[in-house]
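My request is simple: use the sequences and hints to build the entire structure.
Here the protein sequences line up with chains B and Z, keeping their order. To convert, note that position 65 of the first sequence is 65 in my numbering; the numbers rise steadily by one, no gaps. Just so we're on the same page, my numbering is the position in the second sequence counted from 1, plus 1000.
Any given hint could turn out to be false.
To be verified - Using 27 Å as the maximum straight-line C-alpha spacing, the simulated DSSO-like pairs for lysine-lysine come out as follows:
1. Z:Lys1254 <-> B:Lys48
2. B:Lys48 <-> Z:Lys1288
3. Z:Lys1058 <-> B:Lys48
4. Z:Lys1289 <-> Z:Lys1058
5. B:Lys17 <-> Z:Lys1058
6. B:Lys48 <-> Z:Lys1289
7. Z:Lys1058 <-> Z:Lys1288
8. Z:Lys1288 <-> Z:Lys1254
To be verified - Which chain Z residues face chain B? A few, computed with CB under 7 Å, are given here:
9. Glu1243
10. Phe1245
11. Ser1246
12. Leu1249
13. Asp1302
If you're looking for bench data, these hints aren't it; they were derived computationally from the structure. Note that CB positions come from ideal geometry on N, CA and C, so glycine has one too.
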Amino acid sequence: MSAFYEGLAEIFEVDVKEITPQFDLTSHNWDSLAIISTIALIDECYNKLVDGSVLAQCVFVSDVEALVRLAVAA
Amino acid sequence: MTVAALQPARNAPAAAPKGLTVANVRLRGVVTALPSRRLDNADFEAQFGPEGVADVVKITGVEHRYWVKDGQTTSDLCFVAAQRLLARLDWAPDSVDGLVFVSHTPDQRCPATACVLQSRLGLSARCQAFDVVLGCSGYVYGLWLASLLIHGGCRRVLLLNGDTSSLLINPEDRATALLFGDAGAASALEHSEGVPPIHFVLGTDGGGARNLIVAGGGFRPPTPDPRRASTFADHHLFMEGGEVFSFALRAVPKLVQETLANAGLEGDQIDALLLHQANRFMQRHIVKKLGLPEARAPMNIDRYGNTSSASIPLLMTTDLATRLTTEPMRIMSVGFGIGYSWGAALMTLDPLSCAETLAA
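Written out as structure tokens, the structure reads:
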């Protein structure tokens, strides 16, 4: 998950150490621009496309990771 | 296995066609007209704040765009472009048999703006003229229709594309207010024996209609959508950015690959990939996914914004103008977006007689 965490850190403009499964997206500018960037990041790291509306409902990084696992398993 | 199973079904075509193609159609020239009112990102800072603007620009890549002045319409821009194109090609008005106007921003709800333009341009009464309501995919659909008109017997066809999206945006919605620019384009196509076939791939997914929509202005009462903020009026363009983005990433690489496969070509055998200028971040991601060098997919969204169906001709009359008018090129135009609607056209071009950008 390291490239993925690094990407997230870049999107939210925080240190990569701050990105943990408990990282609260909604308190960090989880707007349409961050969602677009995250869709692209997931595609880059896992070659999977997730729906913007489903992604928008994620609250924590762990939610996003669960979504990715689901997409990878599908 | 029975003998019957080996026979093709009675009504099936003899062989599955390898995509859609139209031969003997030549693109002669392209002219694009831009309104003269230029808006820089700094012009939006009072409203959205410098950071608010910077956040959007990081994704869209738009540095400035041109918007129409009061009273100026898409057809005004297309008229200026078409008039110059006819003059450059020395096409007599009565030699044009077809005019196709592709836009979401016509002059009136009816009649078709194409009819008004036929008269304004002084084209003959033999000229067929009609509107097509498409946006980001509209250049490719326009090429397809113009090619079919020529295939059906028209000698020369004018394809006019454009939108004044600035008149559709909600000024309080930074995602769209900073993204769109206005432009009008004219392309000239004519019958010419021996021109290699243009390969087309076209598609639609109306399931995405609600994600990029101007809900009002038609005849169906707009359905309330909780995703639209209270600042949105029915005549504003609503865009669910994340949904549109995932649609584009899903559809476009597949579209490019399918078009190449139909033509029996590899990506490095096309000279330029003309992506609809939708959003810099999205375009870069698509180009990377396709494994193409960035230089192969020229980008001018920084200077003009997303100009809807005029974005591909605008790319031809700016970044590609010199090459297109001096050397033969194999190009693929790829439009995608509102509808959802998408299309690709792969053309082998002789040098164009003109590729110009005008101020209107």
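These are the hints, each one checked on the structure:
{"no.": "1", "hint": "Z:Lys1254 <-> B:Lys48", "result": "14 Å, holds"}
{"no.": "2", "hint": "B:Lys48 <-> Z:Lys1288", "result": "15 Å, holds"}
{"no.": "3", "hint": "Z:Lys1058 <-> B:Lys48", "result": "23 Å, holds"}
{"no.": "4", "hint": "Z:Lys1289 <-> Z:Lys1058", "result": "20 Å, holds"}
{"no.": "5", "hint": "B:Lys17 <-> Z:Lys1058", "result": "24 Å, holds"}
{"no.": "6", "hint": "B:Lys48 <-> Z:Lys1289", "result": "12 Å, holds"}
{"no.": "7", "hint": "Z:Lys1058 <-> Z:Lys1288", "result": "18 Å, holds"}
{"no.": "8", "hint": "Z:Lys1288 <-> Z:Lys1254", "result": "13 Å, holds"}
{"no.": "9", "hint": "Glu1243", "result": "4 Å, holds"}
{"no.": "10", "hint": "Phe1245", "result": "5 Å, holds"}
{"no.": "11", "hint": "Ser1246", "result": "5 Å, holds"}
{"no.": "12", "hint": "Leu1249", "result": "5 Å, holds"}
{"no.": "13", "hint": "Asp1302", "result": "17 Å, violated"}
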